[in-house]
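Novice: Just so you know, the protein sequences line up as chains A and B, in that order.
Per this note's numbering, the first sequence starts with residue 1, numbered consecutively.
Per this note's numbering, the second sequence starts with residue 1001, numbered consecutively.
Treat the hints with care, as some may be off.
[Unchecked claim] 35 Å max Cα-Cα, derived DSBU-like pairs, lysine-lysine:
{"#": "1", "chain 1": "B", "residue 1": "1138", "chain 2": "A", "residue 2": "140"}
{"#": "2", "chain 1": "B", "residue 1": "1029", "chain 2": "A", "residue 2": "133"}
{"#": "3", "chain 1": "B", "residue 1": "1029", "chain 2": "A", "residue 2": "140"}
{"#": "4", "chain 1": "B", "residue 1": "1090", "chain 2": "A", "residue 2": "292"}
{"#": "5", "chain 1": "A", "residue 1": "75", "chain 2": "B", "residue 2": "1138"}
{"#": "6", "chain 1": "A", "residue 1": "133", "chain 2": "A", "residue 2": "111"}
{"#": "7", "chain 1": "B", "residue 1": "1138", "chain 2": "A", "residue 2": "180"}
{"#": "8", "chain 1": "B", "residue 1": "1029", "chain 2": "A", "residue 2": "108"}
[As the list claims (entries may be wrong)] Chain A is faced by these chain B residues, among others (derived, beta-carbon under 10 Å):
{"#": "9", "residue": "1034"}
{"#": "10", "residue": "1053"}
{"#": "11", "residue": "1086"}
{"#": "12", "residue": "1107"}
{"#": "13", "residue": "1109"}
{"#": "14", "residue": "1113"}
{"#": "15", "residue": "1117"}
{"#": "16", "residue": "1129"}
In short, the hints are calculated from the structure, not lab data.
C-beta: ideal position from N, C-alpha, C; glycine also.
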Amino acid sequence: MSSPAISVPHGHDNDHGHGHDDGHHGHIHLQYQPSLPLSRGKLIMWLFLSTEIMFFAALLGSYVVLRFGAAVWPKPHHVHLSEPLGAFNTFVLICSSVTIVLAFEATKVNKASLARLWMIATLVLGSLFLGIKGYEYQAKFSHGIFPWAPHGLIHERPDLYYGSAVRARLGEPAIIDRLKTLDETPAENLPAEQRAARSALQDVRRMLSDTNQQAFEMAVVADQIAPLPAEGPSGHGGGHAHGINDAFPWLRLPIVIPGGNMWASTYFLLTGFHAIHVIVGLIVFAVLLTFKLGSARAGMVENAGLYWHFVDLVWIFLFPVMYLF
Amino acid sequence: MSDHTSSHDPAGHGDPAGHGDHAHGGLGKYLVVFAVLCFLTTMSFFTYSAAWPWRDQPQVGWAFMMAVSCMKALLVVLFFMHVWWEANWKYVLTIPAAMMAVFLVIMLVPDIGMRNRMVSQERALHMARPADLLLLEKAADAGRVDPAAH
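In isolation and in its complexed conformation, chain A is listed as follows:
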């Protein structure tokens, strides 16, 4: 790799004599020119990153195309997205980008312990990001928003199919038993919220047994079970209305979020793939921390940093597209 392409007759042999004052006597000063001015590791990392660009461009592009092609798409507050949390996560990832770049700078000047500190900071920030993401996932799961069928409770429309799904859930043996105990509980033994929810539930059961159901009644049922939160600047808290499902989490009655199923599929796919990339990055940092991060490891740290910046980059697009569109 390091042999020069052109050999010059009076080049190397008599070089020692006046090597230090090069140029003076008309010597041809040889300069090594590799085919690409970057190391193999970095070249491979950039090739990998360009495939990653296309991977995430496909995911993000599909999301945008699906979203704007849909007749109805849920608003962020309909699906319990917390914009402040998303913005905070953006901030966390930007901070981690700074710390990894500082780790690389420290590695280059052979300050191994400083590099180690910055890398630990990156690891902590990445874990914080994942923790917040996990908390957000939990908030979706607790509202019955899942990307897969047996757990997901989302129905697209408040129609008769929805009504029969609610009826079917209320008719399950285990639920019948618990409803019976709930009905027999004296009102003063229940907290105020559950007392109100219980009477709402009785209304819902009466409406569902009505043979002459109207579309509007199904919408009322859906609103009683899990109202779509109204928009509020405080996001999760402010506009959050409580329905029967919130008062009795064991009920897990079907809910209505128009466009919610496609939203859940894309949301969990995109943020899930991003989270996998974050996890891989954290593993890489953990492995790197077992080395002495002196200048000998500068190439490794640089490549890990390039990957991590890419993960940050994806989130920079995911955040507005997912949380603010």
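Place chain B on chain A using the hints.
Specialist: Only chain B this time, still in chain A's reference frame:
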């Protein structure tokens, strides 16, 4: 490549043009980029706040956020990923990848973006429509006005 090689790159990591590590990087530059990134994040979050003047025209917000995101991405790529200081190979990798990404999205439009232009009657029956959202909002309003009605 002559005198400052010894300080780093023992494995012969090519930076033959002596890309001058002292010329780029540096804490100050990174902190400036960091501050700008934080400012831009606040700007895209601003579209969500009540002070955003175009709340009734979401398209303005979308365009604004995409512009902000592109600027942030550019800053990260140029400075944190050091692309600003790289040789011309950077164009070989990034431009084709970016073009492919755009083509990919364009290719998705006819089949997926316009999928609702022609759907079967049966599918339309089970598809959420804007009317469903209105119905739910009406039901919520009815519940709010008179909570003891039912």
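Novice: None of the hints should be skipped; say for each whether it holds.
Specialist: So, going through the hints one by one against the coordinates:
1. B:1138 <-> A:140: holds (25 Å)
2. B:1029 <-> A:133: At roughly 30 Å apart (the allowed maximum being 35 Å), residue 133 of chain A and residue 1029 of chain B satisfy the hint.
3. B:1029 <-> A:140: violated (39 Å)
4. B:1090 <-> A:292: holds (30 Å)
5. A:75 <-> B:1138: Holds, at about 17 Å.
6. A:133 <-> A:111: With Cα atoms ~33 Å apart, residue 133 of chain A and residue 111 of chain A stay inside 35 Å; holds.
7. B:1138 <-> A:180: holds (32 Å)
8. B:1029 <-> A:108: Given pair residue 1029 of chain B, residue 108 of chain A holds - Cα atoms ~17 Å apart, limit 35 Å.
9. 1034: holds (5 Å)
10. 1053: violated (15 Å)
11. 1086: Since chain A brings a Cβ to about 7 Å from residue 1086 of chain B, closer than 10 Å, the hint holds.
12. 1107: holds (9 Å)
13. 1109: holds (6 Å)
14. 1113: holds (4 Å)
15. 1117: holds (9 Å)
16. 1129: Because about 5 Å separates residue 1129 of chain B from the closest Cβ in chain A, which is inside the 10 Å limit, the hint holds.
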